[in-house]
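Protein chains in written order, with our numbering: chain D, 1 to 328; chain V, 1 to 328; chain B, 1 to 328; chain L, 1 to 328.
Hints should not be assumed to be uniformly reliable.
Stated by the list, open to error - Some chain D residues judged to face chain V by a derived CB distance under 8 Å, without partners named:
(1) N32
(2) N121
(3) Q254
(4) P328
Claimed, not checked - Think about it this way: if two alpha-carbon atoms lie no more than 27 Å apart in a straight line, the pair counts; the simulated DSSO-like pairs of lysine-lysine are:
(5) D:K323 x L:K56
(6) B:K238 x B:K262
(7) B:K79 x B:K2
(8) V:K56 x V:K68
(9) L:K91 x B:K283
(10) L:K241 x L:K262
(11) V:K5 x V:K56
(12) B:K262 x B:K203
(13) L:K283 x B:K213
(14) D:K59 x D:K107
(15) V:K182 x L:K182
(16) L:K283 x B:K238
(17) B:K138 x D:K51
(18) V:K141 x V:K240
(19) B:K240 x L:K262
(20) B:K3 x B:K79
(21) D:K283 x V:K283
(22) B:K138 x V:K323
(23) L:K262 x L:K181
(24) V:K56 x D:K203
(25) V:K240 x D:K238
(26) L:K283 x L:K241
(27) D:K240 x V:K240
(28) B:K241 x L:K240
(29) B:K3 x B:K68
(30) L:K3 x B:K238
(31) V:K323 x D:K240
(32) D:K107 x V:K283
(33) V:K181 x L:K60
(34) D:K203 x V:K181
(35) B:K262 x L:K203
Unchecked claim - Partial chain D-side listing against chain B, Cβ under 7 Å, derived:
(36) V53
(37) N105
(38) Q106
(39) V176
(40) H188
Don't read these hints as lab results, they were simulated from the structure.
Heads up, the beta-carbon is just placed ideally off N, CA and C, and yes, glycines get one too.
There are 4 protein chains.
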Amino acid sequence: MKKIKTAIVGATGYTGLELIKILLNHPYFEINELYSTEGGGDISDIYPSLKGVFEKEIKKAEIEEIAKNDLVFLAVPHKAAMSYVSELMRKDIKIVDFSADYRLNQKNYEDYYCPHTDPANLENAAYGLPEIFRDYIKNKKLIANPGCYPTATILGLYPFLDYIESDVFVDAKSGVSGAGKKLSETTHFVTDNENFFAYNPIKHRHSVEIAEKTGLNITFVPQLLPITRGMQISIYAKLKKDIEPLEVLTETYQNEEFIRIKNSPVRIKDVAGTHFCDIFAMKNNNMLFINSAIDNLLRGASSQAVANANILFDLPEGLGLPKIAYVP
Amino acid sequence: MKKIKTAIVGATGYTGLELIKILLNHPYFEINELYSTEGGGDISDIYPSLKGVFEKEIKKAEIEEIAKNDLVFLAVPHKAAMSYVSELMRKDIKIVDFSADYRLNQKNYEDYYCPHTDPANLENAAYGLPEIFRDYIKNKKLIANPGCYPTATILGLYPFLDYIESDVFVDAKSGVSGAGKKLSETTHFVTDNENFFAYNPIKHRHSVEIAEKTGLNITFVPQLLPITRGMQISIYAKLKKDIEPLEVLTETYQNEEFIRIKNSPVRIKDVAGTHFCDIFAMKNNNMLFINSAIDNLLRGASSQAVANANILFDLPEGLGLPKIAYVP
Amino acid sequence: MKKIKTAIVGATGYTGLELIKILLNHPYFEINELYSTEGGGDISDIYPSLKGVFEKEIKKAEIEEIAKNDLVFLAVPHKAAMSYVSELMRKDIKIVDFSADYRLNQKNYEDYYCPHTDPANLENAAYGLPEIFRDYIKNKKLIANPGCYPTATILGLYPFLDYIESDVFVDAKSGVSGAGKKLSETTHFVTDNENFFAYNPIKHRHSVEIAEKTGLNITFVPQLLPITRGMQISIYAKLKKDIEPLEVLTETYQNEEFIRIKNSPVRIKDVAGTHFCDIFAMKNNNMLFINSAIDNLLRGASSQAVANANILFDLPEGLGLPKIAYVP
Amino acid sequence: MKKIKTAIVGATGYTGLELIKILLNHPYFEINELYSTEGGGDISDIYPSLKGVFEKEIKKAEIEEIAKNDLVFLAVPHKAAMSYVSELMRKDIKIVDFSADYRLNQKNYEDYYCPHTDPANLENAAYGLPEIFRDYIKNKKLIANPGCYPTATILGLYPFLDYIESDVFVDAKSGVSGAGKKLSETTHFVTDNENFFAYNPIKHRHSVEIAEKTGLNITFVPQLLPITRGMQISIYAKLKKDIEPLEVLTETYQNEEFIRIKNSPVRIKDVAGTHFCDIFAMKNNNMLFINSAIDNLLRGASSQAVANANILFDLPEGLGLPKIAYVP
């Protein structure tokens, strides 16, 4: 099979870096170009760990140039993403968008983000959670790659949608890399180290993404863990009927290569560095506890993007996805 | 006022160390003796940070000797504690017990721990949460000092007891010092660092302590943070009536010196090193989120013990309690 | 004794915070005013751990106002400091300056920092390492409080000055708080966590401070530890004569309350939170290894400043200095 | 090419795990059997991150069974290793030994470890630092895989051996994984977190390994970093002649795929997860500072073992060695 010419727009962020790391081992997606808003510099100057491994100039993102690729990963902020998408969709290019721009219906999007400048393409996008939406993804050219919190939460909730009451509590914890490279008091070492705190509880934008996809009322509390990568979610809900949580999980996901049902609480270290989502569940009478873990930058962003791209190009869904964790 | 002769039984654990650190600055409680099961060695050999500050031999715990003190802090495991208590209660000695032995009613205790060998003294013990039970504490000689998880959880729930439905979810996170000095896979640096996981969910013994004191159905999930000290609790419940959470908190605690009502999520670093309990709460329609933080070894053990001892001896409740955090 | 009216200029940085924490327990130095360049806000809004402990407005630093105090701590950057000093020295005010402005001779200062605008006061300043210079300090009104690296290094080298050859290697490690509150890639959590690296080796400005005070040729390599506070120094040198390192240390420091001679390598945790400097030394034939540890923000800044102020006011040198470490 | 039947003896330690992770991606070395002293259990029960990736029973190590393989990695402690080696060497099996048993000459070994029970094979072993000894390695069947400290130190010193005086100081810092899975006070989270300390300075056994291979007098001080993996070394020495350190490094290593010459201090994060050794050097007049970093479990153990095995089987030396770091 011929190599697929691939561009990464927004290559200098953490998810751009993770994408590069995956694609270097992918048999078909060949990194043709790296782009950033300003362009300039070599990616291995920004991430010296790439020296001697992958050195490539970063170009200024111009739509004409980007459009010469077969596959475009957009790892840019919301709002910026839709300006690229609206133009790229006119050509026969496949797009995986890391931003929120095509994840929500227009109303929810505009309530939580900003006016949508490309509403016509909303219906052309598939929400890229392969385990749940792979049939939709297959037939699209534009994938709205889910956020890290929604990925871990929805994969946990999905098997139980028929069994729980609508009001669901999500206590979600993310490593600091989830906040990106931007300097802020929240990412200062002294702020996070030996600390732990919730931020933006209840009002965080990922809340509406989870609610829209599950149809549930979600009380969502994101919290910041003093670790670099990984995410763990605790979901609490009331059961409507008597079920065995582990059996329900197994029924739903037994054929999924990248979901592992655990019989004890999940641990971030077992998934950090991989595309796996580990899930555990148990109940206390009719109270349900669901517990999931992912690597926020991989399953919560870059490896999920590659899984979606694999589907778009009719490749085996798991091709090139990382399975070996950063342990011990 | 005359100094009060004080003994610490179980001086070599982390809570013993914290107790020593507090008592060194206490105007009346004078450390008369340190005891451990085996005795031997100087406390400053076990904790070299005490060299040049406080050096004292640790004696073998013999009931005759211990009984020569006015005040005894028992920082020993459950079961061991009640053997000391039953004998010390026959003399006019005031006791603060760090273990679970006198915290629960007999049935709960025996269901979750072991047969109780001193049930007669259960009714002679006060549960040592000063903000809630200070009037009981005053009239007792024996204090059952609460566990760290129950302290942070009950202080958070208490103002809302009339307003919430019985089924409550508690997502509780503790620093590793809560697991003590004992070597185990759970306290190995490589296990905890860059990791985060629940342990013993739903079945943890502190669950019953919270349930008994609040009368609620508790689904309790303790989790291990990769930090040394501090504890933060997220409590989720359904409201029975429309309230303003911060107003309810303020009404209940406005005159409490060691409870701080926050208008944004609590941070462990603001309380680590102190006796403070910081509490925040907000709602999502009729869903309530309560958020509290304490130092697990101080408010969750040793400084609370000193607060209780202050009450026992009719001293100002806050005497000698640490207020200045280990920041930045 | 009457309270001494004390001002902190530059109260909002980490060393300002540590100074406040110490002075809250000091019997004579009463915090009269807090100043910052811009002024505005309450110190407890910047550091919420101070809520309910110490709340005070921060005023804009105006020389007229500052001059109404008996004692001024200048916790401002170099260059800014000398502009205050030159004016305050005309009045009868005692000053402890945290900056480099009066630590070096004029040539060294101008080579490594910037032109000196107050050279006349250089001879009026004492270098504030009490163990070595307390007799000079006593007779001055202006103290140049040493940097953290020089403090830990000079205290380690001082006993051996007659026994070692001039070429000395200093491998120095500091916690991230040493880099201050300023946002930078170097203080981003993701940069430091699970990492370790030297910065500005050989050319770091503290190198010349150590060289000037010891008369030695110093090859100085500062490195950044993924911890919040504390500093540990390894010094390597060739011995000119056969000595027993621990005996030499003991001879020099046996009467010093805040220097502890260890017979095994020093540990940051034993000193973090205190004014102690722990020192260990051993040799490999004629090769000497000296190993010292301090709290970078206390002995390396704020508690040393208070020790110097105690001397200036003829108070016991150790008055109010913290001795109890942030363990476990 | 046919797959090479490979056994790992001592599969349950951290280096065994890392070896498995590498071999899963190696085109020729096929993991045929896993052994431990006692045998029993599945490797994915010990390391749950391997679930769904690699599940295999661990067998009891019996020499007859082990001898059925073409290649044996011995990841067992010293002393245990030589008992296997002496028997396996009688058959045509290639061995990479992770222990110290064949690294030193007999005298040094017996001075620092224990009596040698297989001295005859000492001359049959090559010291497995490929960049320096690859020609020897080629012609042997038994490789003494170097320790992590010697690897990082010798690779740093090697280019400068002709230019420095004999007395060399090595300030070496390792992540906690270097201490292995064994429970000890040194590996307790509370001991290491927010701490930093030297252990066994000057007398550490790796000191003699460095000295023997370089012919230098080494004053070696190992220190423990509060991170899981990675190692960074600072080497200090006096130059005998005027050289440009970076030029010397470049001359020596310019054709080495896995050594990267840096023009600023090395960072552990750039190498963690890879086989790279990053090296930087600079001088202060005639004082030399060499700075190297490796992943202690990979270049300091398991990936170096695979590099050596590649040479033994005439495969490209870099085959299957990890290059992509665990960043960000």
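task: Of all the hints given earlier, name the ones this structure violates by number, lowest first.
output: Violated hints (numbers, rising): 1, 2, 3, 7, 9, 12, 14, 17, 18, 19, 20, 22, 23, 24, 30, 31, 33, 34, 36, 37 and 38; every other hint is consistent with the structure.
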